[in-house]
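Hey, can you work out the whole structure from these sequences and the hints?
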Amino acid sequence: MKTIIALLKPRLLSSLNNFRPDNKKNIWIRIFIFGAIGLFFWAGTFFACWRVLLYFQSVQDFGNILALKLLTMVVMTFFTLLIFSNIINCLSHFYLSLDLQILHSLPVSARDIFFSRWLASTFDSSWMVVLFSLPVFLSYGIIYKAGIFFYGVVLLAVIFLALITSAMSGILVLFGAKILPAGRIRTIIIIVGFILILSLVMVLRLTRPEQLVNPDSFASAVLYLNSMQAPASPLFPTTWITDAIKDALFGNFQSSLFNLALTGSCACMLIFFADIISQRAYFKGFSKSQTTPERLFRAAKRRFFHWENLLLFLPRTAKAFAVKEIRTFFRNSTQWPQLFLMGALIIIYLYNFSVLPLDKSPIKTVYLQNLFSFLNMGLASFVLSAIAARFVFPTVSTEGAAFWIIQAAPVSLKTFLRIKFFVYYFPLLIMAELLIIVSNLLLQVSSFMMILSAATMFFLVPAIVAMGVGLGAVYPDFKSENPAQAATSFGGLIYMILCFTLIAVVIILEAGPVYYIFMTGIRNQVLTNWQIAWLTGSFIIALLLCFLAIVYPLRLGEKSLKIR
Amino acid sequence: MIQLQELTKDYGTTIAVNKLNLNVSAGEIYGFIGPNGAGKTTTIRMMGGILAPTSGKILIGGWDMSKDPVMAKKIIGFVPDRPFLYEKLTGLEFMQFSADLYDVSPESFPPKAEQLLRQFALWDWANEIIEAYSHGMKQRLIIASALLHDPQILIIDEPMVGLDPMAVHMVKDIFQELASKKITIFISTHTLSIAEDLCHRIGVIHQGTLLAQGNVSELQSIAKLGEARLEEVFLTIIKENTFL
Ligand SMILES: Nc1ncnc2c1ncn2[C@@H]1O[C@H](COP(=O)(O)OP(=O)(O)OP(=O)(O)O)[C@@H](O)[C@H]1O
Ligand SMILES: [Mg+2]
Numbered sequence: 001m002k003t004i005i006a007l008l009k010p011r012l013l014s015s016l017n018n019f020r021p022d023n024k025k026n027i028w029i030r031i032f033i034f035g036a037i038g039l040f041f042w043a044g045t046f047f048a049c050w051r052v053l054l055y056f057q058s059v060q061d062f063g064n065i066l067a068l069k070l071l072t073m074v075v076m077t078f079f080t081l082l083i084f085s086n087i088i089n090c091l092s093h094f095y096l097s098l099d100l101q102i103l104h105s106l107p108v109s110a111r112d113i114f115f116s117r118w119l120a121s122t123f124d125s126s127w128m129v130v131l132f133s134l135p136v137f138l139s140y141g142i143i144y145k146a147g148i149f150f151y152g153v154v155l156l157a158v159i160f161l162a163l164i165t166s167a168m169s170g171i172l173v174l175f176g177a178k179i180l181p182a183g184r185i186r187t188i189i190i191i192v193g194f195i196l197i198l199s200l201v202m203v204l205r206l207t208r209p210e211q212l213v214n215p216d217s218f219a220s221a222v223l224y225l226n227s228m229q230a231p232a233s234p235l236f237p238t239t240w241i242t243d244a245i246k247d248a249l250f251g252n253f254q255s256s257l258f259n260l261a262l263t264g265s266c267a268c269m270l271i272f273f274a275d276i277i278s279q280r281a282y283f284k285g286f287s288k289s290q291t292t293p294e295r296l297f298r299a300a301k302r303r304f305f306h307w308e309n310l311l312l313f314l315p316r317t318a319k320a321f322a323v324k325e326i327r328t329f330f331r332n333s334t335q336w337p338q339l340f341l342m343g344a345l346i347i348i349y350l351y352n353f354s355v356l357p358l359d360k361s362p363i364k365t366v367y368l369q370n371l372f373s374f375l376n377m378g379l380a381s382f383v384l385s386a387i388a389a390r391f392v393f394p395t396v397s398t399e400g401a402a403f404w405i406i407q408a409a410p411v412s413l414k415t416f417l418r419i420k421f422f423v424y425y426f427p428l429l430i431m432a433e434l435l436i437i438v439s440n441l442l443l444q445v446s447s448f449m450m451i452l453s454a455a456t457m458f459f460l461v462p463a464i465v466a467m468g469v470g471l472g473a474v475y476p477d478f479k480s481e482n483p484a485q486a487a488t489s490f491g492g493l494i495y496m497i498l499c500f501t502l503i504a505v506v507i508i509l510e511a512g513p514v515y516y517i518f519m520t521g522i523r524n525q526v527l528t529n530w531q532i533a534w535l536t537g538s539f540i541i542a543l544l545l546c547f548l549a550i551v552y553p554l555r556l557g558e559k560s561l562k563i564r
Numbered sequence: 001m002i003q004l005q006e007l008t009k010d011y012g013t014t015i016a017v018n019k020l021n022l023n024v025s026a027g028e029i030y031g032f033i034g035p036n037g038a039g040k041t042t043t044i045r046m047m048g049g050i051l052a053p054t055s056g057k058i059l060i061g062g063w064d065m066s067k068d069p070v071m072a073k074k075i076i077g078f079v080p081d082r083p084f085l086y087e088k089l090t091g092l093e094f095m096q097f098s099a100d101l102y103d104v105s106p107e108s109f110p111p112k113a114e115q116l117l118r119q120f121a122l123w124d125w126a127n128e129i130i131e132a133y134s135h136g137m138k139q140r141l142i143i144a145s146a147l148l149h150d151p152q153i154l155i156i157d158e159p160m161v162g163l164d165p166m167a168v169h170m171v172k173d174i175f176q177e178l179a180s181k182k183i184t185i186f187i188s189t190h191t192l193s194i195a196e197d198l199c200h201r202i203g204v205i206h207q208g209t210l211l212a213q214g215n216v217s218e219l220q221s222i223a224k225l226g227e228a229r230l231e232e233v234f235l236t237i238i239k240e241n242t243f244l
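Those protein sequences? They're chains A and B, same order as listed. According to this note's numbering, the stretch in the first sequence is residues 1 to 564, in order. According to this note's numbering, the stretch in the second sequence is residues 1 to 244, in order.
Only true hints are included.
If you want the footprint, here are the derived chain B segments under chain A, 3+ residues with CB under 8 Å:
| id | stretch |
| --- | --- |
| 1 | 46–55 |
| 2 | 73–79 |
For each label pair, taking beta carbons as the anchor points, the in silico distance ranges come out as:
| id | chain 1 | residue 1 | chain 2 | residue 2 | range |
| --- | --- | --- | --- | --- | --- |
| 3 | A | 336 | B | 123 | 28 to 34 Å |
| 4 | B | 123 | A | 268 | 53 to 59 Å |
| 5 | A | 8 | B | 107 | 54 to 60 Å |
| 6 | B | 134 | A | 541 | 55 to 61 Å |
| 7 | A | 488 | B | 134 | 32 to 38 Å |
No wet-lab data here; the hints were simulated from the structure. Think of the CB as a built atom: it goes at the ideal place given N, C-alpha and C, for glycine as much as any other residue.
And the structure:
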């Protein structure tokens, strides 16, 4: 036990050292911002859940059935989420993180290392799920006026759920790593994960949850839902957990405690198994994980086609960077599977527009279409900035420890940032224009709105990309092992907030005058001089804002990289 | 070729380099020695344009590093103390990347790259991902690509760490050959025998200040030691701490 605590200490101490007064990263501001956003989402989850349950309550006969169905689904979802995040975290905590080399050279048993790592991994993968499961259960408690007993049971059940999933994942990973190198497993899991998420979202989308709100189709939807029997085998831990919570909710104390005890003992047993297996399998798997895996796609020798030649039109240094960036991306198995996710995001986005019942709406369609196309502009640019936050913002950080190469090279930081900008600008611009034009075609908007949206995107995309590159250079993290983390860092958050602000301001600036043009058009009036002035002024300000957002962040990034 | 004037770096917690003045002329091999934490890496990183000095001036072949960094860097071949590279590129792809950055002409690149990779015994590995290289192989790759653009100045932080005896021998030969072609070489090292064999002039730095400099016999007389080995000279100079 003492060794395990000692092994966990470095981690605790390094997080505590963040609070040292000489730390430059102004930790309190970070805590405040993250806390505020966390609280916002927490409250949002609670409110959404509470509303849904309240709505269910108002439905005669079906209310409880629906609420319980939702509970089962919630527990199942948490279970799956936890299994996935535990597997990914276990892989890196047990096999892939860099400090393991030192740990294994220490005179401590592999079992102790395993156990300390398992604890850390459990914490890392479950704290968020646990935190966000609480508002869900809280809303159940409030709607059903449950007593203190319910909350106690929920807390224990959630903790047991976390322990069970993490022990199960640990065992799975231990076995897996004996067969395949851990790096390879991570690739496979990530791909499987993305495909799962993708199909889940597709299924959810295709079942059309909006039908529940429509009184015509409500009854059939409920019947359909009810027939979708969730796997409720008495052998599944999720069943015990659901039952424990359900029974606590309705005051069946005995049955609730019984199910809770089942869950708890299962958790203990699994941990015990993991411990035994780790003694036999952990070290072997660790040494297996140390080989660099073969490339998944090996370049065929003497090919006739070199994709690099497609970039010949670029200046030399720019081409070098573009080629490097593309190669690194496609050879990094934690990176390229995310393209699937991006593709899914876009397909779902467009799908949503294709099923909008525009013709059934009582409001005048032309008006609605224009409203929608403004909404579309906003949404599309939000989607775009999410993608930029994931891919563009971390781009300076991905240089990592190899950043000295850029610093030592005869390329000014300005050029470096500009090249980074253009490397992302072109693909994103093409994507954005495709997205906006196709969705506008589906919406059948007027040609004026089509041109306006395409033009707006044309100026917003470079602004979004430049802010990503620039702020990414202001808040670089050259030490991160995983560039995706940069997107959720403090700087990434600021980037997202700034992007959203810019998009909102630009759209508001455009929507105001366009609404008036539109109304005068309907009423067959002529635009007054004042309105024309407003129109031009507003558009010029929007244009200037975009321009500023292109130039200023890049300068800021250059400056702050220079004084590093 | 290299001039440092009153060069200072203050990390806030420590003054790593304190008012350093140094001149290295063309064709000279200058060795930089000093205990751990003396400020060698800091100086070298400032010379390579990787770190901004707190104050002072760096002139590289007449170019001011703070005013014309791009011109200055064009004539430098830089090798850092730890070989961090783009792990997902192959050796040859990395060479191509450097060639593009340093503007090596596309015609001369393939033969030059092959010659260097063969010389550094990396040709068989040229199409492997750098991730799978050993420490010494990465180090050799960095030195090879630093030579790719025929630099006039080589700035190298601890070149021999991780190299096998054969490679050390080869690198020494290369350095001497380059020096005879009037190329300036600045190295920091802990291997005193290498400094002794290779360097025309040696500077001893401690706590950010240059304690002594000169060739081996000058250092011996500074330390008031006759025919002593450099190791003894080094220890005496550091212990006394008040020379120059
Ligand atoms: N990033 C940093 N932040 C703060 N202080 C630093 C930083 N890097 C180095 N130092 C300090 O600067 C001083 C000089 O460090 P430097 O790395 O230049 O030493 P060195 O001579 O290269 O040592 P070694 O022989 O160990 O490589 C040390 O006291 C060190 O603690
Ligand atoms: Mg050093």
